[in-house]
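Put chains X and B on the given structure of chain U with help from the hints.
In case you want the letters, here they are:
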Amino acid sequence: MKIVLDHLTKRFSNRTKGLDDIIAVNDFNFEIPDGKLIGLLGPSGCGKSTTLNLISGLEKATSGKIWFGDDDVTDLPPENRGVGLVFQSYALYPHLTARQNIMFPLQNLKGKDKLTKEQMNEKVLEAAHLVQIERYLDSKPNQMSGGQQQRVAIARALVKLPRVLLLDEPLSNLDARLRLATREEIRRIQQETKLTTVFVTHDQEEAMSISDMIVVMKDGIMQQIGRPQDVYDHPVNLFVAKFLGNPPINVFDGKIENGAIVIGNERILEIEGPEDQEVYVGIRPEGFIVDESGPFHVNKKQIEIMGRDTSIVATHPNMISESIRIIVTLDSRDELPSTVGFRLKPGKVEIFAKDTENNIEYSVRESV
Amino acid sequence: MKKIKPWLYLAPAILFLGFFMVYPLIDVFIYSFEEGYNSASQTFRGIGLYNYMYVLRDPYFIQALKNTFILVIITVPLSTGIALLIALGLNSIPKLKDLFQTIFFLPYVTNTLAVGLVFMILFKKTAYSEGLVNMLITGLGGSAIDFMDGPYWAKMFVLCFYTVWIVLPFKILILTSALASVDENLYKAAKIDGTSRFRIFTRITIPMISPMIFYLIITGFIGAFKAYSDAVALFGTDLNAAGMNTIVGYIYDMLYGNGGGYPSYASSAALILFAVVLTITCINLTISNSGKD
Amino acid sequence: MSTNNDYLSIEKKARRNYLIRNIITYTLLGIWALVVLFPFYWMLLTSVKSYGSYNAEYVPKFFTLSPTLQNYVDAFTQVPLARYFGNTLIFALITTAAMLVVIVLAAFAFARLDFKGRNPLFSLFLSLMMIPNELVIITNFVTITNLGLRNTFTGLILPSITSVFYIYLLKENFEQIPEELYKAAKVDGTSDFKYLMKVMIPICQPTIVTIAILKIIECWNSYVWPRLITDNEKYFLVSNGIQAIRENGFGRENIPAMMAAVVVISVPLIILFLIFHKKIMAGVSRGGTKG
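Chains as they are written, first to last, in the numbering used here: chain U, 157 to 524; chain X, 77 to 369; chain B, 29 to 319.
Bound conformation, chain U alone (with noise of 0.2 Å):
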């Protein structure tokens, strides 16, 4: 089932008067291809939530449609809309043990699909195999860890075979470990049951892990679209290029001058493109290669060795955030000296416009 989001805005009018309408939404418009899992993500506060509570039906379009496939949803209440949710807080009924969690919603089917008390137990076990609980299914919520938790809230959700299954940052409440571990079987399930899923996280490392497509927004408005991989390569933004990347992005006040990239007095990259003119300089973190003859030099401050990468801590003059993070492979803990020396990768510097903030192309001028 695609999805489609047809200039969908969503306005809640301010309880403050005199001030503003917020808008939670603006103006989306994408589709979401049958059968695949799209992470949203941003910022809290960005609107992902609400997006969500659209397609879901729990909150009304102030303008704009949603499609399911060919069917317009956007004025069907929630219970019609075919769709399966999940809480990060799992919103399991605690009075409720995990098979009655499970069966409720085939308990509200009515008329010619209500089912018998044998098909709903073989939904329920069904649906507990799948995310594999089958050995909890007489325990209370309370009785149960997080993990455990948030799979029967998945198995309540995939039950009634929805066509859409929707999923509110579900692993924001689990330590670090089992996130992983649940995280994997969200995207196993997702691919056994080939059902079009929306996840909603602030977590970028999280939407980039299991997304086929991530969605970024920011106060509302759509950032960027694409395959995980390619949004980190090629962000639209500023914004975009900061929210992604772990460490994030190093950037420096710096200018295109002469068909260089100059920070401060250096020119690190020589290109081909953009005219004259003072940019925002991104350099990813694993952009950078240790070279005494470099052109880009930096005031280390210390080194962090973890595991195989050594991440370098380092000061800039032209820097905008509080430090700069490289990560690098040394061969060996050869002692760097108080100012080191560095190539740059191309493909890991982004230049971005003062005013707009909007990524500036260029082409690498190669150096003879």
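Derived by calculation from the structure, the hints in this document are not laboratory data.
Only a predicted model underlies this, so the values are computations on that prediction, with no experimental measurement involved.
Please note that the accuracy of each hint is not assured.
[As the list claims (entries may be wrong)] Straight line, CA to CA, 25 Å or less: simulated BS3-like cross-link-like pairs of lysine-lysine: (1) K214(B) x K216(U); (2) K171(X) x K307(B); (3) K266(U) x K79(X); (4) K279(U) x K226(B); (5) K211(B) x K266(U); (6) K504(U) x K374(U); (7) K510(U) x K411(U); (8) K171(X) x K41(B); (9) K171(X) x K306(B); (10) K144(B) x K81(X); (11) K214(B) x K158(U).
Same frame as chain U, but now just chains X and B:
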């Protein structure tokens, strides 16, 4: 349909409250100004303050007012003080706290009228017997007193005693949980600094639980001003004859019973009571607020 | 150095002080426990003394060697105690059940449903909590009388079916149920009413039980309204029954029989209390008031 639904859920509550609380509230004002209201013909002579004048000049009302005020002034501070002592005791003992707490709460769940009868018997002096309390008094070298039909102060003593007995459970419970919720670390810190027990009590315990004490004093005043069934339990329904009537008792007597059939007088008396309670509550709130600054 | 000795004596003194304080505390608490329990003991004791032996005691005795149950027989045969008892039971149960329905529906609307004017209406409800019963009882008395409902259960029950305080208490409790549960139920197509019945009520069951118990206690002890509205002893509740017994039952001086009646009407509540004392005390300390 969607718009109506919430109102369907609320309808019973709104209906009952409207009919038995909001409407009567308006009505009581009207009654209190209708002069010479006749409940049989439902007619009245005119509008005015006559009912209030009548009530304020009625010696029974003056007696009831006096009784109620004495009761309030004695029982509210006394019961709050005793409750505080008992709650402090409960919180300091290592064992049996639950047992004592449960016993102390018992009067809360008993029928005021029924247990009042027991108190009456304990204090009563009859032709055959002096009664148990008098036995104790004479045993201690005093002379027997007729508590139930005797001097005014003796009757008032029994009424106050019974009132305290009845209201204590609630106050003990509230103060015990207030004391238990004071952060233990405050006491530990004070002890390490060598603070004396008395200083801990006046400088830590009392300020920490003072909101609850004020709450109890305010509700205590309101409750004591409405005293009635305890007096009935001890002295019977004809409280005027016993000289032990309370304001609420006066209201009900005006409404119904031997001297009844005067809803206008009852309304005026009720509004006077309401004004008194409101004034006292406001004074209390002012005091408690100025204490905070 | 004599510090060791000093410590020893300080320790000794502290332990002695602690012991003395405890003894005093226990003694005082014990005395008050006696004051609380003694009336109950006395009513039990008197209720098993025979009429003759009670009246022969010029000096009251603290025990009896020849207990009798005759007073209980008298209490049920000479006055319609069983009827008072039954009336009160009917009154308490119907009032409580009806009130639960009304307050659950109202609390649900306030806690979960969105509608115009919800907050002002709720404030209005809250302000009604300050209205003393004495103010409204006068008109209610006239209303019920005019409706011809005196000496009927309907007249007894109607005015006590709503309680703003319990609506407030339950609404607070309902609101603690996470919003997500409601959304989850909505997505699954659960109707509001089914959500209330299947999710909210079971989750808030402890509070509802507490409210029910407190209301039953209140009904069992109610005196003023029943006194106004009933003068036919067929509809007397226990409180009015006790008052009637005292004024013209048994002959004024049959105190043992009166005490038997008092025991009979006190026992159900005391049993209820002993079973649920934790719940009752927690419920009362959460904001119940007397009077």
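Against the structure, the hints come out as follows:
no.	hint	in the structure
1	K214(B) x K216(U)	holds, 14 Å
2	K171(X) x K307(B)	holds, 21 Å
3	K266(U) x K79(X)	holds, 24 Å
4	K279(U) x K226(B)	holds, 21 Å
5	K211(B) x K266(U)	holds, 20 Å
6	K504(U) x K374(U)	holds, 23 Å
7	K510(U) x K411(U)	holds, 9 Å
8	K171(X) x K41(B)	holds, 22 Å
9	K171(X) x K306(B)	holds, 17 Å
10	K144(B) x K81(X)	holds, 12 Å
11	K214(B) x K158(U)	holds, 23 Å
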